[in-house]
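Protein chains: 2
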Amino acid sequence: MKEKEFINIIKNTLNSDYIGDDCACLRDLGIVVTQDSLVEGVHFSLDFTTPYKLGWKSAMVNISDVCASGAEPKYLTVALSLPKNIGEDFVEEFYQGLKDACGEVQVVGGDITGSDKIFISVTAIGKTEGRKISSRKNANIGQKIIVSGGHGASGAGLKLLLGGKNEPSGLINSHLMPVAQRDFSLIVSTRQKNDYAMMDTSDGLADALSQIAESSCVNLEVDFSKIPYNKELESFDDLEDLVLLGGEDYQLVATVDEEVAKDFIIIGEVKSGSGVTILKQDKKIQLSKQDVEEKLFNHF
Amino acid sequence: MKEKEFINIIKNTLNSDYIGDDCACLRDLGIVVTQDSLVEGVHFSLDFTTPYKLGWKSAMVNISDVCASGAEPKYLTVALSLPKNIGEDFVEEFYQGLKDACGEVQVVGGDITGSDKIFISVTAIGKTEGRKISSRKNANIGQKIIVSGGHGASGAGLKLLLGGKNEPSGLINSHLMPVAQRDFSLIVSTRQKNDYAMMDTSDGLADALSQIAESSCVNLEVDFSKIPYNKELESFDDLEDLVLLGGEDYQLVATVDEEVAKDFIIIGEVKSGSGVTILKQDKKIQLSKQDVEEKLFNHF
Numbered sequence: 000m001k002e003k004e005f006i007n008i009i010k011n012t013l014n015s016d017y018i019g020d021d022c023a024c025l026r027d028l029g030i031v032v033t034q035d036s037l038v039e040g041v042h043f044s045l046d047f048t049t050p051y052k053l054g055w056k057s058a059m060v061n062i063s064d065v066c067a068s069g070a071e072p073k074y075l076t077v078a079l080s081l082p083k084n085i086g087e088d089f090v091e092e093f094y095q096g097l098k099d100a101c102g103e104v105q106v107v108g109g110d111i112t113g114s115d116k117i118f119i120s121v122t123a124i125g126k127t128e129g130r131k132i133s134s135r136k137n138a139n140i141g142q143k144i145i146v147s148g149g150h151g152a153s154g155a156g157l158k159l160l161l162g163g164k165n166e167p168s169g170l171i172n173s174h175l176m177p178v179a180q181r182d183f184s185l186i187v188s189t190r191q192k193n194d195y196a197m198m199d200t201s202d203g204l205a206d207a208l209s210q211i212a213e214s215s216c217v218n219l220e221v222d223f224s225k226i227p228y229n230k231e232l233e234s235f236d237d238l239e240d241l242v243l244l245g246g247e248d249y250q251l252v253a254t255v256d257e258e259v260a261k262d263f264i265i266i267g268e269v270k271s272g273s274g275v276t277i278l279k280q281d282k283k284i285q286l287s288k289q290d291v292e293e294k295l296f297n298h299f
Numbered sequence: 000m001k002e003k004e005f006i007n008i009i010k011n012t013l014n015s016d017y018i019g020d021d022c023a024c025l026r027d028l029g030i031v032v033t034q035d036s037l038v039e040g041v042h043f044s045l046d047f048t049t050p051y052k053l054g055w056k057s058a059m060v061n062i063s064d065v066c067a068s069g070a071e072p073k074y075l076t077v078a079l080s081l082p083k084n085i086g087e088d089f090v091e092e093f094y095q096g097l098k099d100a101c102g103e104v105q106v107v108g109g110d111i112t113g114s115d116k117i118f119i120s121v122t123a124i125g126k127t128e129g130r131k132i133s134s135r136k137n138a139n140i141g142q143k144i145i146v147s148g149g150h151g152a153s154g155a156g157l158k159l160l161l162g163g164k165n166e167p168s169g170l171i172n173s174h175l176m177p178v179a180q181r182d183f184s185l186i187v188s189t190r191q192k193n194d195y196a197m198m199d200t201s202d203g204l205a206d207a208l209s210q211i212a213e214s215s216c217v218n219l220e221v222d223f224s225k226i227p228y229n230k231e232l233e234s235f236d237d238l239e240d241l242v243l244l245g246g247e248d249y250q251l252v253a254t255v256d257e258e259v260a261k262d263f264i265i266i267g268e269v270k271s272g273s274g275v276t277i278l279k280q281d282k283k284i285q286l287s288k289q290d291v292e293e294k295l296f297n298h299f
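Chains as they are written, first to last, in numbering that gives the first Met the number 0: chain X, 0 to 299; chain S, 0 to 299.
A couple of the hints might just be wrong.
In this list, chains with the same sequence are indistinguishable; a pair is considered to hold if it fits within one copy or across any two.
As the list claims (entries may be wrong) - Calculated cross-link-like contacts (lysine to aspartate or glutamate; reagent style EDC-like; alpha-carbon spacing at most 20 Å): (1) 270 <-> 257; (2) 10 <-> 92; (3) 164 <-> 292; (4) 73 <-> 103; (5) 52 <-> 292; (6) 164 <-> 236; (7) 83 <-> 115; (8) 126 <-> 236; (9) 3 <-> 87; (10) 73 <-> 88; (11) 3 <-> 128; (12) 83 <-> 39; (13) 126 <-> 27; (14) 10 <-> 88; (15) 158 <-> 256; (16) 116 <-> 39; (17) 83 <-> 293; (18) 52 <-> 213; (19) 10 <-> 213; (20) 3 <-> 213; (21) 131 <-> 290; (22) 73 <-> 16; (23) 83 <-> 4.
FYI, nobody ran anything at the bench for these hints, they're computed from the structure.
Bound conformation, chain X alone (with noise of 0.2 Å):
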């Protein structure tokens, strides 16, 4: 049993239009929200990451959701369950992560209680007014796919970690300290007119674009020589690997019009088809939603 598949029950269960975007989009209210959680054991281990860092982490996954919408992030509240050995030093780091982490975003609310292992569930509240708000659904053919950073490090820094390792500290704070995307969202979300489809690179590039693709019944062609990653990566055998599907980089990956393209990273265009395109020294690599999700880390 898999997230994805779970999904599709609660989907089933609710019959309901919202679940799909990692933000729901709530026009009435002119707000987009978003959840999500990390679990000691499956998200983190307090082996490798600090309480600030943690904090830090927990507001900028959200955040980054936020941007991938569109709208303009402003609200968090927090859910946090400790363990009965955690005491007021950990609470205190945590938050400052939080709060250093989410710049003009307030963090509203939230409870706190207690359990066996750390748990964190962060919501997210932005505003819609001024942006136009994204979609997976809405790629269209002929639009250029654009990226707002390098793809890999995160991959990389965790790799790192796992092994014991603690540096490069640049790939390791790509791991731990991840920076949600707030300038590209803005600029992209006020300057395109026309519908467009945006998504963070959490769970990696080829998985966000995976996932635009089929959402949207279209092929998404991308030149992988035009896709930036950090130099420190080419010491790396797996560089391909870490840079398409290497997750938690929390860039953000649009298909946008034109002009609005012209200004930033363009590393592809939507095609009619399906799947994902991958153009590499003359070769063209089909990828299958199968092919993707296969090699992706497993929650469960």
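Starting from the known structure of chain X, fit chain S onto it as the hints suggest.
This is chain S only, laid out in the frame that chain X set:
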């Protein structure tokens, strides 16, 4: 280390005006938001409840918080973390219970992840348009104290369950399937013109009274004989404790002006002073905040 001490650390770290009421009121967006978690082994056990009833209660306790603010409950997001051995049936029944509890409220998102124990965190969003929003700081001297219904049944139900009993079913269901007081909230928040306090009695009636008294710097004087309770409670030798301290009835208690109060059950009056005073058979029992807290079920 207790929940309330952690909350003080959080308030100091965030330096936020929002932390205090169960819902945060986001005036620029015209919404209130609240998030609450239920943890297996802390807040519930599958020995006593079913996935359907757990889904029901998870929705209802958050809808109740929105009702306590006076706002109209509109949307929920749900984060669910499940151990590997939990299957499709659980997810389907849980979401069916959630949906049935929601009524017109829509479930619009959330996520599902792995974990060791079941962890549920629900966020509820309410709309403030046309409603006067409450705050526990806003009780005013001379206002009447009103309640939406009887107290003690949920606590009695929990006591029966812990003692291995399954009836009377009315008491058991009060605990497992509470009902948020949407109509009471609607009428109070649309009729009341001046500032007022309203809370749900999730942590017990005396706790809610005590929180309002402290936050508003007033004394709440309540006539015990006016507090409604289920007649089946008379067979319990700790009737008074169940009515005043037993939690999870999810009724509402409010301090409102006399012309609003006249259509409701009036149990007392807001006076100058501090703390909670219970009038019982010619006696005046003064309950300090500490008295109330020491009898509370403590998560930690």
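Against the structure, the hints:
1. 270 <-> 257: For residue 270 and residue 257, the Cα distance is within 20 Å only inside one copy (14 Å; across copies 67 Å).
2. 10 <-> 92: Cα proximity of residue 10 and residue 92: across copies only (13 Å, versus 37 Å in one copy).
3. 164 <-> 292: Neither. Shortest intra-copy (28 Å) and inter-copy (47 Å) distances fail the 20 Å Cα cut-off.
4. 73 <-> 103: within (7 Å within a copy, 26 Å between copies)
5. 52 <-> 292: neither (28 Å within a copy, 34 Å between copies)
6. 164 <-> 236: For residue 164 and residue 236, the Cα distance is within 20 Å only inside one copy (17 Å; across copies 62 Å).
7. 83 <-> 115: both (8 Å within a copy, 16 Å between copies)
8. 126 <-> 236: Neither way: residue 126 and residue 236 sit 43 Å apart in one copy and 53 Å across, limit 20 Å.
9. 3 <-> 87: For residue 3 and residue 87, the Cα distance is within 20 Å only across copies (12 Å; inside one copy 37 Å).
10. 73 <-> 88: Result: close neither inside a copy nor across copies, 27 Å intra and 37 Å inter.
11. 3 <-> 128: neither (31 Å within a copy, 37 Å between copies)
12. 83 <-> 39: both (15 Å within a copy, 15 Å between copies)
13. 126 <-> 27: both (12 Å within a copy, 10 Å between copies)
14. 10 <-> 88: between (40 Å within a copy, 14 Å between copies)
15. 158 <-> 256: Neither: 36 Å inside a copy, 63 Å across copies.
16. 116 <-> 39: This pair counts as both: shortest intra-copy Cα distance 6 Å, inter-copy 11 Å.
17. 83 <-> 293: Answer is between; shortest inter-copy Cα gap is 19 Å, intra-copy 38 Å.
18. 52 <-> 213: For residue 52 and residue 213, the Cα distance exceeds 20 Å both inside one copy (34 Å) and across copies (36 Å).
19. 10 <-> 213: Classified as within: same-chain Cα gap 17 Å, cross-chain 44 Å, threshold 20 Å.
20. 3 <-> 213: within (14 Å within a copy, 47 Å between copies)
21. 131 <-> 290: Close neither inside one copy (32 Å) nor across copies (54 Å); limit 20 Å.
22. 73 <-> 16: between (24 Å within a copy, 15 Å between copies)
23. 83 <-> 4: Cα proximity of residue 83 and residue 4: across copies only (13 Å, versus 34 Å in one copy).
In summary, the structure is inconsistent with hints 3, 5, 8, 10, 11, 15, 18 and 21 from the numbered list given earlier, while agreeing with the others.
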